[in-house]
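So the sequence lines, in the order shown, correspond to chains C and E. Each residue of the first sequence is one higher than the one before, starting from 1 at the first, in my numbering. Each residue of the second sequence is one higher than the one before, starting from 1 at the first, in my numbering.
Just so you know, not all the hints are guaranteed correct.
Calculated pairs, PhoX-like style, for lysine-lysine (alpha carbon to alpha carbon, straight line, at most 25 Å) [said to hold, decoys possible]:
no., chain 1, residue 1, chain 2, residue 2
1, C, 815, C, 961
2, C, 371, E, 34
3, E, 26, C, 372
4, C, 217, C, 201
5, C, 861, E, 26
6, E, 26, C, 105
7, E, 34, C, 372
8, E, 26, C, 1098
9, C, 1102, E, 340
10, C, 115, C, 833
11, E, 340, C, 1098
12, C, 371, E, 26
If you are wondering where the hints come from, they were derived from the structure by calculation, not from laboratory data.
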Amino acid sequence: MTVPREMPEKWPRVRGPGGAEEERRVRANAREYNEKFQYASNCIKTSKYNIVTFLPVNLFEQFQEVANTYFLFLLILQLIPQISSLSWFTTIVPLVLVLTITAVKDATDDYFRHKSDNQVNNRQSQVLISGVLRQEQWMNVRVGDIIKLENNQFVAADLLLLSSSEPHGLCYIETAELDGETNMKVRQAIPVTSELGDTSKLALFDGEVICEPPNNKLDKFGGTLYWKENKYPLSNQNMLLRGCVLRNTEWCFGLVIFAGPDTKLMQNSGRTKFKRTSIDRLMNTLVLWIFGFLVCMGVILAIGNAIWEHEVGVCFQIYLPWDEGVHSAFFSGFLSFWSYIIILNTVVPISLYVSVEVIRLGHSYFINWDKKMYCAKRRTPAEARTTTLNEELGQVEYIFSDKTGTLTQNIMVFSKCSVNGHSYGDVQDMLGHKAELGERPEPVDFSFNPLADPRFQFWDPSLLEAVKLGDPHVHEFFRLLSLCHTVMSEEKSEGELFYKAQSPDEGALVTAARNFGFVFRSRTPKTITVHELGRAITYQLLAILDFNNIRKRMSVIVRSPEGKIRLYCKGADTILLERLHPTNQDLTNVTTDHLNEYAGEGLRTLVLAYKDLEESYYEDWSERLHRASGAPEAREDRLARLYDEVEHDMMLLGATAIEDKLQQGVPETIAILTLANIKIWVLTGDKQETAVNIGYSCKMLTDDMTEVFVVTGHTVLEVREELRKAREKMMDASRSMGNGFSYQEKLSSTKLTSVLEAIAGEYALVINGHSLAHALEADMEVEFLETACACKAVICCRVTPLQKAQVVELVKKYKKAVTLAIGDGANDVSMIKTAHIGVGISGQEGIQAVLASDYSFSQFKFLQRLLLVHGRWSYLRMCKFLCYFFYKNFAFTMVHFWFGFFCGFSAQTVYDQYFITLYNIVYTSLPVLAMGVFDQDVPEQRSMEYPKLYEPGQLNLLFNKREFFICIAQGIYTSVLMFFIPYGVFADATRDDGAQLADYQSFAVTVATSLVIVVSVQIGLDTGFWTAINHFFIWGSLAAYFAILFAMHSDGLFQMFPNQFRFVGNAQNTLAQPTVWLTIALTTVVCVMPVVAFRFLKLDLKPELSDTVRYTQLEGFGELIMSGKNMRLSSLALSGFAARPSASWIETLRKKKGGEGSTACSPSGAPDKTLKV
Amino acid sequence: MKNKKSFAPQEAEAHPSRCPDNSAFKQQRLPAWKPQLTIATVLSTFFLTGAFCLSVGICLILSANSVKEIQINYSDKCSDCSKLRENSFNWDIECLCSIDFTLKEDMLGDVFMYYGLQNFYQNHRRYVISRSDAQLLGREVNVQQSYCAPFTTYKNGTPMAPCGAIANSMFNDTIDLFYNFNSSVIQVPLLKTGNSWWTDKNVKFRNPQSHNLSSAFAGTARPPYWQKPVYLLDEENERNNGYINDDFIIWMRVSAFATFKNLYRRISRERHFADGLPAGNYTFHISYNFPVTKFKGKKYVILSTMVWSGGSNPFLGIAYVVCGAAATLTGFIITAIHLKLRKKKTYFQK
């Protein structure tokens, strides 16, 4: 093998100082040479552990959890005899339980990752080694290898296409896995390598590629091939990326440039992050606070102990000498600090974490089991793939949705057209595009045409009649459709045509022409053959003026068999209507009306036009075109100018309207979610028009909107300017609204943010991919975000997968709101992974999105059920659960604190140690779990009817720091009564048989029993939905308490372990005393009655919407039902309704959004109405 | 083709419908009781609770008032003995003390005699665990392994029986009561058994098995503060000696608080005292052994009668009355608020 003599000096170093790759050099067929760069192999690894590392790594990870470490620390403390105030088993049993459950779960997850890694790594591919093709596993493919791909095979790594079976080194790929687009794309080898068709020639190929380092830009590639002392520029057009599938190409050869983790596919799949919910984070914070609180209590009691030992204990030493090694009161205090840390640790019980997991698992099962989220057509139930995020479903504020396949079915249908000022396609009964619902006449019969596509349906027979009558305009219209496109046709058997279209729209148009008798049959690079009403006509294809985003049109120039040269053009109305011949004015007006009508129905429109060209003019033009395309520089510009020149003064033919059918229920779902104050952003790879169209058809964009801003700037300055203008307009509008506020004043005093939050009108923002790239730069992202968030709807088009993730990241970063990303394609994966919650639609485009998602189902409309029913309930249940849990543990633990003041701060527990062990595991765990799993505040259909019910979750009203403190306060209040009432009674009481009552053990049993009863009554109050299971658990727990109490205090156990079960006989002696029961009853009444009073007054004075809804159905308040009529799904009424009964929401909203003005905080854009509270 | 056709139904069988069951449980449609905090339930709860608490409270106060109780602080009254006991070298000097008192009314019914201690921290953690229940159950145990330290063994290795701080600090005053009746002095007969729980006496405490008690405790020594070994606690009554001595059992049932009273004796209702203690002059004869002044404690002797709710216990009755009053009051307040704000509720109609 020869080494190229001339090596470029442009890239002096391959690796940068930090080891980061600065450029990549790959030489074909030279493994030794490439090895020295240590490029990643093609083996991918997404798993986290192996058998050896599992235990240490997993334990390490688990102990990174604050709580687990905390319990480990406690366990160690308990093993020190001087300070051990509790037996070690009170901590170790739950800790081991928790660790095991988590480890098993992690192990299972990782096992499946291993499996999928193995499956991918072991795929076979043909590698050219020493001139011979060998079967190799994917993981053994190296950078610099030449591999052979066959039709329908997955591309194993990022390849430079060398040659293919097709002429000119063309090959077709499908990139669905990569970017979600299902149409085929063309890739072409550079001419010099396209001749290397067989292995012997390829084996001698020793070109060297120098290119950019691995990156995640799917549509860009820059590099140079050095071969035989020549250099050839390489672009993305020459690359086959991993994850693509080879189509319609028998075989091709490629040179591996990037392998395994360096491939663009892997680089684009963002890091797998362990997702935590905001409640998780809050819980961790609270645990830290509680820990601080615990330390404070410990310090107080330790100081108390030191003082007590100094003042009292010293004198008491005759009866109770200090422990060995304790020589001073101070040291005793120090030891007692740790002792108290141990006995007070139950303020944060380890069972909290397990219980939370159990509840989430339960909710996940409910999602999996939900029949209403089961799609019968695809036979897929909804699936909660992550079981730890459920309650966050009840807090979503932003939804980022993919468009194609998520909102739409991804099936394009030709539905209407306007030809020569006549509109076709209207259905008689005027049901519009809601096709399958209405009653329709029979579809048009295309049986006259043997080549018709049987799946095509059209409802207006007049168009076919016009064709049959030979209307020349209609004929020309369909001729254009059959000629002006880039569709490939495949004829597997005679008359059985398959169209392969770059975009589904083109496919739909060509199919329409086909059914109306203008059948595109086949094409060669120079000709197009069309069957026009049965006659085969071959047109000479003179030029294709291809589509691009700036031109927004495509044209073909064809020579008919008669020799006439004609240009056919189709494109966006905005562009094309300007380029028509002035004589078309009248027709243009009519057609524009039709176009508006179509757009209003959410159809995707195109305008069609033609132009006859003079032979001489064409010759001249074609000559100039040839020169321009050969030009070394400014080629694109020159071509564009030439295209521009010829596409002028055209004659209007008509317009088409295509429907990308929305999935069922999408507009309704979006409407409901919008009412629930969820902002929906559509991020799509589609072009702007399509996206905007869909925006209209799914009612995200409406004609009522004040303005839709479109940002399409190509430079930073343009984008900034456009965003600024948008903001100014919004502000101007709100100023001129004049709803009692002068915004100028506030402009000077408050930040940009709050002003933008105050925008009164409804705006929408549409931003293009290249503008978005600028908008996402560090110095503009806040501006962009504020503008976007002030808009009701945001549509980002032409975005790359990574940009999708960046947008999500941006909102996450600045908005502190819960985000949900929903998508169906592999291009949505990084967005799904980035968002707090990722939802995968198991649709047409493979299962990549589903695999990366946290929840998956097959219809967009299930999202409303997932959020408004499951999410809301999950959030509600979790919050109620947490409130109660903290309450019960504070009530339980703080008793020790008060007792400390009466027992010389000696860390004596109030309860029996078994009670302490079992309290959280047995006596009080199941009722609260049952509540956490089954509770319902309002029936499911109500949460759909009143989307405002979702709002408390978004504002995080049900469990936040304030609620936490209320729970804690209630817990402490309970603990005070729990200690001091029995204390007051016992201090002076005797049993009815004259014996002492105030012995320690009787006191312990009394306090424990009243505690269990009080917390049971409390859970009874908290439970709003008593199923049989709740009954069973609540009564069962009480019964279990007494059963276990008597068992623990029985003779038998004592005889076996006298030193462990010292409470023998206590239960029957103590609980036989009327005084004890009176004490318990009094404690219960005093603990519970204030709660009842407060709850009732809150309900009576400031009912939440959920309370009102709940009461409405049950009690039938006449006035509520009356107002309920217009409350349903009416945004104004709802927002007004929600605002009135609970001013606190508004308060919170105000604080959260940082607005100071009162109109600044309307939850649903109706400020002047909502705030007349 | 044929193959394909036959495959399809098989596949369908292999993958039974993935549609979730339509069960009430899985669809979260379980029948449930949805309790409501309505004005009716809340008010009735409050008024009923109020009525209940008030009536219970009044009953308790009335019955507590019928209890007769007399309490004498004898650590103050026998200040000489208190001083003597302050010095532990005088432990073997006997100190007797007499206290006269007058009952102005009869104490009818069962009369109980208690000793009370103040500032004695029986609920201290180290104190509470300083015992060996296995030893008190009459079992051979190595007290070294119990929590009895430092009251486990003497320096020569003889284990203490019973071991631990609780046992060691047992209350050892003897109190006798005399009735000065028509210038003659009659000793009030006192019962020293039957004062402890049946389970304690018969289950929790057992003497070691042996032919007689002293041999059962052979090889052990009395706790350092005791004046006599455990098998001499009650030489007259075999069933009240050793570990199953009632005074010992009662002492071993540690108190929850630092101030407490333990049942010491019951008045035996015979002859003069068949109806209880008649009014008159009485004298306590106390053999003062238990030092309290060292830890700033106080000792009491208490005589009391009993009712169904135990002895004199004003707290519970008062607490019930207060609670009942509060509940009733809250009921009225809620009614007032509800009625007053009812008008405002019409805002729903607007």
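| Would the pair residue 1102 (chain C) and residue 340 (chain E) pass a check requiring their Cα atoms to be no farther apart than 25 Å? | Holds, because 14 Å separates the two Cα atoms, which is no more than 25 Å.
| task | Assess, step by step, whether the Cα of residue 815 (chain C) is no farther than 25 Å from the Cα of residue 961 (chain C), and give holds or violated. | result | holds (19 Å)
| 25 Å Cα cutoff - pair residue 26 (chain E), residue 1098 (chain C) | violated (33 Å)
| message | Checking one constraint from the list: CA of residue 861 (chain C) to CA of residue 26 (chain E), max 25 Å. Satisfied? | response | holds (21 Å)
| query | Keeping to a limit of 25 Å between CA atoms, is the pair of residue 371 (chain C) and residue 26 (chain E) held or broken? | reply | holds (9 Å)
| request: Decide if the proposed pair is consistent with the structure: residue 34 (chain E) and residue 372 (chain C), CA atoms, cutoff 25 Å inclusive. | output: Distance of about 24 Å is within 25 Å: holds.
| query | If you draw a straight line from the CA of residue 26 (chain E) to the CA of residue 372 (chain C), is it 25 Å or shorter? | reply | holds (11 Å)
| field | Hint consistency between residue 371 (chain C) and residue 34 (chain E) [alpha-carbon to alpha-carbon, up to 25 Å] | value | holds (24 Å)
| Taking only the CA atoms, is the gap from residue 115 (chain C) to residue 833 (chain C) under or equal to 25 Å? | Holds: residue 115 (chain C) and residue 833 (chain C) sit about 20 Å apart, inside 25 Å.
| said: Against the 25 Å threshold, does the CA-CA distance of residue 26 (chain E) and residue 105 (chain C) hold or violate the hint? | reply: Given pair residue 26 (chain E), residue 105 (chain C) holds - Cα atoms ~23 Å apart, limit 25 Å.
| Under the criterion that the straight-line Cα-Cα distance not exceed 25 Å, is the pair residue 217 (chain C), residue 201 (chain C) satisfied? | violated (32 Å)
| message | Check the hint pairing residue 340 (chain E) with residue 1098 (chain C) against an upper bound of 25 Å on the C-alpha distance. | response | holds (15 Å)
When each numbered hint is compared with the structure, violations occur for hints 4, 8.
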